[in-house]
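Novice: Residue numbers (my numbering), protein chains in the order written: chain A, -6 to 147; chain B, 270 to 460; chain C, 75 to 364; chain D, 15 to 680.
No lab work stands behind these hints, which were simulated from the structure alone. Quick reminder that beta carbons are idealized off the backbone N, C-alpha and C, glycines included. Among these hints, one or two may not hold up.
Here are the simulated BS3-like pairs of lysine-lysine, each with C-alpha atoms no more than 25 Å apart in a straight line [said to hold, decoys possible]:
(1) D:K44 <-> A:K1
(2) C:K102 <-> C:K212
(3) C:K314 <-> D:K480
Just a few of them, taken from the derived set where beta-carbon distance is under 8 Å, the chain B residues facing chain C [as the list claims (entries may be wrong)]:
(4) L344
(5) A345
(6) G404
Pairwise CB distance ranges, derived in the manner of DEER restraints [unchecked claim]:
(7) D:E414 <-> B:S453: 41 to 47 Å
(8) A:E118 <-> C:A186: 56 to 62 Å
(9) C:D274 <-> B:S453: 54 to 60 Å
(10) D:P543 <-> B:E287: 25 to 31 Å
(11) B:Q324 <-> A:N64: 49 to 55 Å
(12) A:E143 <-> B:S453: 56 to 62 Å
(13) D:K411 <-> B:Q418: 43 to 49 Å
(14) C:G144 <-> A:E143: 49 to 55 Å
(15) B:E326 <-> D:I462: 39 to 45 Å
(16) C:V356 <-> D:K409: 29 to 35 Å
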Amino acid sequence: MSEQFEPKIVAFVCNWCTYAGADLAGTSRTKYATNVSIIRFPCTGRIDFMLLMKAFENGADGIIVSGCHPNDCHYTSGNFHARRRWIVFRSLLDFMGFDTDRITFSWVSAAEGTKWASLVNETTEKIRAKGAFTEFKNLDLETFNRLHDEAIAK
Amino acid sequence: MHETTHHHADTLKSHVEEATGVILSHCYQCGKCTAGCPLNEEMDIMPNQILRILQAEMPGYENKVLSSLSIWLCLACDTCYSRCPQEVLLSKVMDYLRQESIRQNKVNPKAKDILSFHKAFLDSIKLNGKLHEVGLTIDYKLRSLNMLQDVQLVPSMMSKGKLAIFPHQVQNTKEIAKIFKRISENKGDQQ
Amino acid sequence: MKIGYYPGCSLEGSSKEYNDSLFAVAEKCGVTLEEIKDWSCCGASAAHNLNHDLSLALPARTLALAGSQGFAEIVVPCAACYSRLASTNHEISENVTVKTKIEGYIDLKLTADVKILTVFEFLQKYIFPTVDKHIVNKLNQKAACYYGCLYTRPKETAAVDQIENPMEMDEVMVKAGATPIDWAFKTECCGAGLSVSRTDIVAKLSGKILEAAADRGAESIVVACPMCHMNLDMRRPEIKKQLKKDINIPVLFITQALGLSMGIPADKLGLNKHYVSTNKVVNCIVKMEA
Amino acid sequence: MARIGVFICHCGENISATVDVAKVAEKAGKLSGVAFSVDYKYMCSDPGQTLIIEAIKKHKLTGIVVAACSPRMHEGTFRKAAEKAGINPYFCEMANIREQVSWVHPKSDTTTQKALDIVRTLVEKVKKNTALFPIKVPVTKTALVIGGGIAGIQAALDIANAGHQVIMVEKKPSIGGHMSQLSETFPTLDCSQCILTPRMVEVAQHPNITLHTYAEVESVSGFVGNFDVKIKMKAKSVDYSKCTGCGACWQKCPSKKIPDEFNEGMGFRTAIYSPFPQAVPNKPVIDRLNCTWFLKGKCGLCTKICPTGAINYDAVDEFIDVKVGAIVTATGFDLKHADFFPEYGYGKFKDVIDGMQFERLASASGPTAGEIRRPSDGKIPEKIVFVACAGSRDKAKGIEYCSKICCMYTAKHAMLYKHKNHEGKAYVFYMDIRAAGKDYDEFVRRAIEEDEVQYIRGRVSRIYEKNEKLIVKGVDTLMNGEPVDIEADMVVLATAVVANIEAESLAQKLHISYNKHKFFAEAHPKLKPVETNTAGIMLAGACQSAKDIPESVSQASASASKVIGLFSSSELTREPIVAVVNRQAPPNYTSCTGCLLCQEVCPYHAIETEEIKDRAGNVLKVVARVNAGLCQGCGTCVAMCRNKSIDLQGFSNDQMLSEVMALLNS
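Could you put together the complete structure from these sequences and hints?
Specialist: If you want it as structure tokens, here you go:
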């Protein structure tokens, strides 16, 4: 039987809600896929989306961005700015012909350990189905220009 | 306005909500509608109670409201709605219940006269496109058998030129009849 | 610009005097009204009880005709007609699917949006600008302006500013040299649609209204609705039985009152068509010293 | 050259059961820049910490990564250890291999590999760490209390009694607020004046309290510990240093027919006036809008009468600047007024009044000397109808919330009336009785059971006048919706509690947030109920939401304790996790272009502008500067910055990038 593909997924999460939520999943011993590793930010508002690009460039197959639910932000409005920036950023990626399905944007509170676990599992399955992310790796100038022109044409 | 998702179950309650757009749970039973209702002394079930019965959906609640006299006494004066803290458009609910009680012929016997008048009224329109008051009165009397009521008025109304013996008519009365026909064919969806 | 006119059934029958007095006033001020050709009944108090679609289709037909006949505005002096037309207008403008469905029923297009004027909106807009030079009499009496339900509710289609204490008719009466009284029953319901089928109830409700006006010393009651007029004027015997006392305050249409102040003869205004004698009203009138 | 130490914790079996800790330690040891690595049973234990301290000293480590539990658990512990060993605590990072690895994954190579990946990630981060030092902010140990109602008074006294200076600003001529207008207070029925007046006097006489009445906050700048406040002192037209409060002026003042605010318009006052007998300070001001001198330039009687020559018509508004370290906002509430209830004829019928007006009628110091007489003809009413929820819980009127205090004061009103008129009848129309408080429900039951107040469950539709009576058209929903018409002599509406009319403008001066009803917003609905989102500004009383006296007082004391805590040291220390705008050598000085996008997104108004000047003092450019006192370290500005001119200490672009790179490149 053939090795099933194990995607590499990076989670950009805020310290106050999702990071704590992930801790809760731990303290309640909820098992979930090993594919996701967390990078901790003070707030989703802090997340610079160019870091997501860097992650893909360095071999990530999928990304999770997660923080406090709207109105629960520890810093009152950081998550709103994150959401606004995400909407713009996503349309930009779409425009470039990038598969935005590889990025999952979600809210997980400090009380939602199980939600975190299922988010990880679902995302892992989704990305596994999509297979490895190679665009960046074999992105030479030509293909980039082609993609770009196609996008313009759209 | 509200994004409450509604189960479109096949119950009177959900039909009322679908048809009228009124969300029954908005009513918190303060009774302000009943307090201000000009007909409250005549009604068998008070306006707020009509809503309560629909809210609670206890066994047999459909008959309670559909065969009540209140739904026929309601004049749709909207005093209730204009003062309702929760902005429940009660008159629309009453309209729907009346139509439903006819469809399920559960019309309260005491309301027969009221119904016959409305019917007579509409038939007069169906016939002439306009209301013909003499015709209406005669027709109503035949239906309600209140032969003597108001007869003393008729001669004076005529002498005062308030009643025309011959109906005014729209040029093409068929058109009106057609409208009635089209709608009755489409009885399926009332609203 | 031509102004459309929708008399409605009552003004052709039981409330002819309302129609006549409106035209008499308009004529004096050189304003002409053009009747919508082939208009039909609005369904009034009956249709909405039995069939919602019908209660929209009947007024919609008239609106469609008005539009196709090129009227930007139509005057609708009957409160019931106003209420039906206004709420139909409201519902079809709110909801496109309803609109198309109704267009199907009436087999006409509801294209142009037609502005519906109540009688007091009409007076404000077209009569007031020139009326002053025609006013020769002071009605010189305490008048109770009675609005009823159909002009004041529901709030979406209300034709008045303050639904609990409307003043539009009171302003007209001030012009006519009367003193509008402040009373509590301006917007109570008279029983309207139950006039024939449950006269007992109508007598009760209208009785309360008459009594309240009498308590405040009203010498006349002024209305702008055929049904209110019928219930308050024609139903007086039943009311008398109900109240066990005789209140003989005459009931005028707003246009009759204004007409009197413009010196239009009583019979031309159809005052003779009333059940309760209007002599008291006429007797109060005093000539204005030029 | 970085020398990083890696310390892998077994956490008993918690980690070692699923992660091959020895292997992680071994592999970590081979990572570039790692000078030492070890695994141990309990890193957080004393021996564990000693192990770390020794290792740092022995191997001259420049930074450490402790792979153990969540940093939310023990970051503090290990940073202290690092500090003990003589390195800056911010050179310690934690790799969370318990909550986020060993507890959620099965024993396997993948799990061990993941642990190692995380360790590697943190190793790369710590290499980029910089020494950070706690931020020290000086604290001015003076508090500003805005509003002199019971909440403001309580807060001021608590802070002053703790030995700190307090400045109190009250916009009316006297402190006391709404409580001074109340007759008696529920549930004990003790006289409001009697319990309040001593407190008012205490404020006036307290050595640590400076009282400014007839004054308003004009502007506020600065930040926690260091606010600069401009206060507007409205012209009183009376020199308080000379005035003795003898009252000769207001007894002689000829314009006597001015509606009296204190008596809710049911009595009259003079143009020069002190609002009520127990006023503090008990000295008058001139109401210039109604004073003949200011209207016509005539009269001047008060100057002639005044024995000390205190009257000063030429007085003008003055402004004073004060420095304070903390602010307590206690601006209270208003009642919904005027033609808000056309169906109830409120504002039209003289005998339809609101709750505060009834308080004045029932108050011994009121216009009727405590006899409940109706405004229209002064008759003693035989029937009073009380209407609860008049405007509250009324979506159609734009107020969905419950005003909270009405159930109780309505019960009190009915009781007071019954106590004064045993023969009288009192009816209360209500929807629900909300009497959740100590001895509250008992109080309401007493009104019903002992004082025979008739409670009717239902709303009133309409009230109108009929031969000197008020016809109240109500309903009894507990009797199948039986219509109830009552011929009352007087109607009292429990009108909705709304935010102070000036709440919004004050909130904007203070940079604090408020809800759609203009009530001030607390920092956290449960855990920070008295703080606002602006550090150093607290809330007390009804300016945050409808509250009764006990609640207002407790919240006032709570905010006072927050202030006292803030004042407990002359410097306040804050985590150095704050944003900084970069610095460069001239001619740039900084890469910041001054677009100030950061300012727009900062939730804490922590971004200020700074002028960069040359030696001659010419302004070269205006750039952003972070006020470390206000910055809470969310980093939203960093993500927003177009050219990376602003960065967040402890989570810098460098650090985050190296984490990403390290995680993905084994």
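Novice: A separate judgement is required for each hint: does it hold in the structure or not?
Specialist: Going down the list of hints, with the structure as the test:
no.: 1; hint: D:K44 <-> A:K1; result: holds (23 Å)
no.: 2; hint: C:K102 <-> C:K212; result: holds (17 Å)
no.: 3; hint: C:K314 <-> D:K480; result: holds (21 Å)
no.: 4; hint: L344; result: holds (6 Å)
no.: 5; hint: A345; result: holds (7 Å)
no.: 6; hint: G404; result: violated (11 Å)
no.: 7; hint: D:E414 <-> B:S453: 41 to 47 Å; result: holds (43 Å)
no.: 8; hint: A:E118 <-> C:A186: 56 to 62 Å; result: holds (58 Å)
no.: 9; hint: C:D274 <-> B:S453: 54 to 60 Å; result: violated (33 Å)
no.: 10; hint: D:P543 <-> B:E287: 25 to 31 Å; result: violated (43 Å)
no.: 11; hint: B:Q324 <-> A:N64: 49 to 55 Å; result: violated (31 Å)
no.: 12; hint: A:E143 <-> B:S453: 56 to 62 Å; result: holds (58 Å)
no.: 13; hint: D:K411 <-> B:Q418: 43 to 49 Å; result: holds (44 Å)
no.: 14; hint: C:G144 <-> A:E143: 49 to 55 Å; result: holds (54 Å)
no.: 15; hint: B:E326 <-> D:I462: 39 to 45 Å; result: violated (33 Å)
no.: 16; hint: C:V356 <-> D:K409: 29 to 35 Å; result: violated (50 Å)
In this structure, the hints that do not hold are numbers 6, 9, 10, 11, 15, 16, in rising order.
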